[in-house]
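In case you want the letters, here they are:
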Amino acid sequence: MLGYIVKRLILSVVTIFIIITVTFFMMHAVPSSPFNKPKAITPAVFAALEAKYGLDKPLGEQYLVYLGNVLQLDFGTSIYFRGRSVISLIFDGLKVSGVLGLWAAGFALVVGMVLGSVAALKRDSWLDRVILVITTAATSLPSFVVAVLLLWTFGVWWPILPTRGDQPGGYILPIIALALYPTAYVTRLMRSSMLDVLGQDYIRTAYAKGVKRPGVVFKHALKNALTPVISYAGPMIAYIVTGSFVVEMIFSMGGLGKYFVASIQNSDYTLIMGTTIFLSIIMIAMNLICDILYTVVDKRVELA
Amino acid sequence: MADERKKKHFTMHVDLSMFEPATDDEKRQQDIMRPSTSFFKDGMRKLKKDKIAMICLVIIALIAIIAFVVPSFYPYDYETTSASRNSISSKFLQPFEYSEKEQAVIAEGGSVFPHILGTDDLGRDYAARVIYGTRISLLVGIIAAVIVVIIGVIYGSISGFLGGKVDLVMMRIVDIIYSMPDLLIIILLSVAMKDIITNGPLANTAVATLGAGLLSIFIVFGMLYWVSMARLVRGQVLSIKQQEFVLAARSTGAKTGHIIRKHMIPNSISVIFISAALQVPSAIFTESYLSFLGLGVSIPVPSLGSLAAGARGQLTVRPYLLIIPAIAIFLIILSLNLFGNGLRDAFDPKLKEAAK
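Protein chains in written order, with this note's numbering: chain G, 2 to 305; chain X, 117 to 472.
Note that these hints are calculated values from the structure, not bench results.
No experiment lies behind these values; they were computed from the predicted model shown.
Here are some chain G residues the structure puts well away from chain X; computed CB gaps all over 10 Å:
#1 49
#2 89
#3 111
Output of the computed footprint for chain G on chain X, the stretches with three or more beta carbons under 8 Å from beta carbons of chain G:
#4 419–430
#5 438–448
Beta carbons: idealized from backbone N, C-alpha and C, even for Gly.
I would like the entire structure built from these sequences, with the hints used as guidance.
As C-alpha cells, then:
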C-alpha cells in the first residue's frame, strides 16, 4: 500500500514537471508578448518591462529560474494584474470556483447515488425508466448549453432565480448547470453497479440468513456498489474544473476560470503557469485520493 | 455357433437385424436448425433487434445526409453576408421573413427561396450556417476518432506484443499522459496554435482556413486522447494471447500469422470499433466547448458550438438562434452515444461493465 502511494506520488511529480515544461515552452512559442496587448508602447519601455520580469534573458535560463522559484513555492507576480501575486489571484478565484465546484460535486455524488440506487432497486418500474431517459438526455448536453438554457428559462421566461453569480442565491443556477452532467453520470454508474451487486451470491446469502431488505441494501450492497462511483470522482473533478470555465463566464462570476481565460488572452505568463500548475495539482491529487479510497472501500482491488 | 464366432474373430459382431432404420422424424432431429453464423453476422443480428440503436442509426444517417448533401444544392451558403448582397435590411430576419430587396423581387413576380430559420447578425442565412456547422462538427468527431484509433492501436499492440521492459516503459508514459488535464492543455494549445497559424508561415494556406482551433483539437487528440485506446488494445492483446483457443490453435499447428488474422484481429476489432464509436461524440463535445470559448473554428466557418456561443447575446429576443444548434448537438451526441452502446451490447457483452 505504502509502496503504491510512493510510486504514484513520484509519477504525479513527474507529470506536473512535464506539464510545467510543456506549458512554459508552448506559452513562449506564441509570438505575442504580455506588454503589447492593450496598446503599443515604445521600444524603450518595452525593453525595460521585459527586463523587469526577466523576459529578456534566454528562454532556457528563464525556464530554470522559474523551476527554481516553483520549488520554493514562489509563483511570482501577475504581469497583467499589476502588483498582485499569482497566489493571491488564485485564492481570489478559488473563493468562487471552490464553492461552486464543491457544491456541484457534492450535489452530483449525493443525488446521483440516491437516484441510481432507487432506479436499481425499482428496476423496470416507471421510475427507473424516467430516471434512465432523463440521465441519458443529460449526458448528451454540453454544460454551456445547459447553462444558457437555464439562464433563459429562469432569467427571462420565468424570472424567479437570480442570474448573476454575485447576487444572493446566485449560485443555484450555476451549480445546477455544472452538476447536471456528473449527476446523470453518477446515477447511471450507481444504477448499473447496484444491479450488478444485487445479483451477487453474497446478497442471496444475506437474505437467506434472514437479513431484511434495508439491512441488505445499506450494509451489504451499497458499500460494494460504491467502487465505480469512487473511481469516477477523479474524472468528475476534472470535468467540474474545466466545465466551470464556461459556467462562470455565462453567469458572470469571477472564478478561477475567468483568471485562466484572461491570463491566456493577455499572455500573462506567470498567471498562466500559476493557474495551470494549480489546476493540474488539484486534478492529479484528486485522482490519487480516489484510487486510494477505492482500495479502502473494496478490499478485493489489488494495487498494481 | 461356437465355430461361427471363431470365424469372425476380428470383426465387430454387428448383427444388422438388431437395428432398424431411423424414421424421418428422428432424422430431422439431426438437421442443423439454423445456418452456422459468423461473429459479425451474429452481432449484426443482435444490433438489428435493438430498436433504440436502429432509430439512432437512422437519425445519425439523416443528419449526415443533410449535413453533407444539402449544402450542394441549397440556395444560400454560410458566409454570404447582407453586405455582399447589398441589402442592409436582411439582418436578423425572422424565419420565413424576406428582406426588402427580396420582397421587391417577389413583387416583380420572381421567386425567392425562404430563409427557413431567418438570418443572423450579418444577414447570413441561419439554416445554411446550422447545416454547415453540423458538417464541421461531424467531421471533427470522425477525424478525431480515426486519429485516436490509429495511434492507440499501434501503440497498444506494440506494448502488448513485446511485453516486458518495453511494455513497462510504454505504459508509464501512458500513465503520465493519462493524468494530464486535457482541456487545460487543449485551451493553451489552441491559443498558441492560433497565433502561430494566423501570423506564421502557414498563414493563408489551406491549414489556416481549416482553423487553428480545429487543428489543435486534432493535435491534442493525437497527443492525449489515444491513451485510453492504447490501454484497451494492450489489454485485449494480453488477454487474447493467453486464451485457450489461441493455445488450441497453436497446438494444432497454426502459424503466428494465422493466429493474428483469425483470432487476434476478429476478437479485438469489435472492442476497438466500439470505443472509436464512443470517441466521436466526445470529440464533438470538446469542439463545441472550445468554440463556445472562442477557441474553436475560425470565423466565418460555423460549428454548432460557435453558433450557440454567437446566439448568446440574442437570447432574450431570438432564443431559437441558440436552441436550434443546441438541439442539433443534443441529437448528434445522444444518438451517437446510444448507437455506440447498442453496438457494444451487440458485439461485446463482456465489455458492458468494463467500459466506464
